[in-house]
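The hints should help you fit chain B onto chain A, whose structure is shown.
So the sequence lines, in the order shown, correspond to chains A and B. Position in the first sequence (first residue = 1) + 61 = my numbering. Position in the second sequence (first residue = 1) + 61 = my numbering.
Hints may contain errors.
Copies of the same chain are indistinguishable here, so a pair counts whether it falls within one copy or spans any two.
Okay, derived cross-link-like pairs now, SDA-like style, lysine to any residue, Cα gap no bigger than 20 Å in a straight line [claimed, not checked]: (1) Lys94 / Val354; (2) Lys63 / Ser207; (3) Lys86 / Gly156; (4) Lys344 / Leu79.
Rather than coming from a laboratory, the hints here were simulated on the basis of the structure.
2 protein chains.
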Amino acid sequence: MKGLSSYTEAIRPLDRDLMARASLKQDSLTKPKGSLGKLEDLSIRLAGIYGTLSPSIARKVVFTMAADHGVTEEGVSAYPSEVTMQMVLNFAGGGAAINVLAKCVGAEVRVVDMGVGADVTWHDCILSRKVAMGTKNMCKGPAMSSEEATQSVLTGAELADQAIDEGANAIAVGDMGIGNTTAASAITAVVTGRSVPSVTGRGTGVDDAALSMKVRAIERAIEVNAPDSADGLDVLSKIGGFEIGGIAGAILGAASRGVPVFIDGFVSSSAALVAAALAPACKDYIIASHLSVEPGHSIVLEHLGLEPLLDLRMRLGEGTGAALAFSIADAACRIMNDMATFEGAGVSRSDK
Amino acid sequence: MKGLSSYTEAIRPLDRDLMARASLKQDSLTKPKGSLGKLEDLSIRLAGIYGTLSPSIARKVVFTMAADHGVTEEGVSAYPSEVTMQMVLNFAGGGAAINVLAKCVGAEVRVVDMGVGADVTWHDCILSRKVAMGTKNMCKGPAMSSEEATQSVLTGAELADQAIDEGANAIAVGDMGIGNTTAASAITAVVTGRSVPSVTGRGTGVDDAALSMKVRAIERAIEVNAPDSADGLDVLSKIGGFEIGGIAGAILGAASRGVPVFIDGFVSSSAALVAAALAPACKDYIIASHLSVEPGHSIVLEHLGLEPLLDLRMRLGEGTGAALAFSIADAACRIMNDMATFEGAGVSRSDK
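The following block holds chain A by itself, in its conformation from the complex (with noise of 0.2 Å):
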């Protein structure tokens, strides 16, 4: 297994001048400037990522990663821990939205055993890389150890890493995991500064009174094991978990290859903001796929700077959000690739 230094240091910055010119070849094609919008910003990005003035979105691979979390017992979620593991078979037995929606785009979907609470290891369909079964409670001490959460980023890096040596060149991150909305909220809460009841939700629908529960319990987290909000590992170790760690991996590892990650809802964000502590270049590779329902995900990708391509109230995770969001990016590759120009097409140019 390589350093986490080796995929830091091996990204780098987009390309400017390209940017400039696959904007300039934007506008002489055959619509008034600027009027696709988002389709617009998105395909001279990718074309900055790529570094071609025809981007091309070839082959698409999510990466829906699960673990567990010992915070559950705090009473923090409306699903039992044991939904974890019933969720990735389901995932392996492609019943579940991801698989849906990743098929509508023809993509491909690897389901990964990073921290589930359970042996999932019978199942040929999923990726077993389990760091341990589910984190500790964080409202007691450290939600896994420094080492763990290395090995957590270091092996989302070198799944991403693999799947592009395989031909993948754009991957979605995803996740699955009863109570990871708390240790996203509370990674959220440390790295933006803001307080947690303002970045903290009902995920996968707790009402009131288990929201109050949740609220205290990452209040109490953030007391106890007081992280370095400087410090990516820091955080992941304390207040993460095994999955978020995962897909930070996966997102230096795209970027590390010069590659896009489409980051899904509140859980694979707060991962951004490990990712991005690690390695502030990965955020040009990012591409922030939807807001979500969840009140943290807004502030989270404000803080990276980052602004949502779909908003559809959705709050699933799994990497739904991202699954969507590369039809649209196919579509912003295709309008850059196949629109005509005005000359080409002799039609006349603005006379304002």
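Relative to the frame of chain A, chain B by itself:
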């Protein structure tokens, strides 16, 4: 040609009982209740439109309707009128944004000359339904006669009807016509009762001076013609356009056959105002694809009681937003049809 009432009177209310069952079906799928947001709402509406718990968008047709506008002599557009004809040829040649985006989603584009101010009949790929060589300048009198208004609506309805006869089960409507946001703003002001400046934007990109001229031209057109806001055909004939009439007709034609119709941006939404004035029941069949940058668009959608799926800062027309929305609607249907249930996948339900 059938009469207008044969379309308007054929529009049935949605099957509310079936929609209630579709909602229960969504709740049985392996995801927290409501966690797919607008995808769930859309799938339930499509179930009600199609009258089945397994809605499916099988064959998609985009009508891109084009016409010229006499009001352009008031200096309301950033582009010269001949661009309408040039763009129609670009559509026919496959080089425009709508061609590229429709191809992404497997939709067929049908380009309709509803009233382009030039002869384009020589091109095989253009459906020639020209009502006249562009409207008259609405600042000086009615844009068209009431017979022309009826003819444009009936033409659109018949086109949708034929497409459905040929197997289409989802229709999208888009526009092309230099000067047509001026007509759309006029219609919006009259039908919604809002002030002209509040519903008038920069269209393809006019500067401040031209925007002022555009506002004054619309105010003059409304004053000169005094359209009856409750009479869709009166509004259309006095301050509308031939492509707007065609789109209104296509909406009525689709609704009369129980087929969803995806409206695009500001211009096709103003046509929906005309359609809804003629037959309020058609609103149930209209899917609002996206929110345009044009300031009048959100006002139109609010008036129609519709929520847009996408917000990508687009303002191109042609049906481009509707083509993108087709992929979201496809995904919504597949979620309802292909996901596993809690029972089937052995996943525990929420304990709250």
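Okay, the hints, checked on the actual structure:
1. For the identical chains of this complex, lysine 94 and valine 354 are inter-copy neighbours only, at 13 Å across copies versus 32 Å inside a copy, given an alpha-carbon limit of 20 Å.
2. Taking identical chains as interchangeable, the C-alpha atoms of lysine 63 and serine 207 lie at most 20 Å apart only when both belong to the same chain, with a minimum of 17 Å there against 75 Å between chains.
3. In this assembly of identical chains, the alpha carbons of lysine 86 and glycine 156 lie at most 20 Å apart only when taken from different copies (15 Å versus 42 Å within one copy).
4. Taking the closest pair of Cα atoms, lysine 344 and leucine 79 come within 20 Å of each other only inside a single copy of the chain (18 Å); across copies the shortest separation is 46 Å, beyond that limit.
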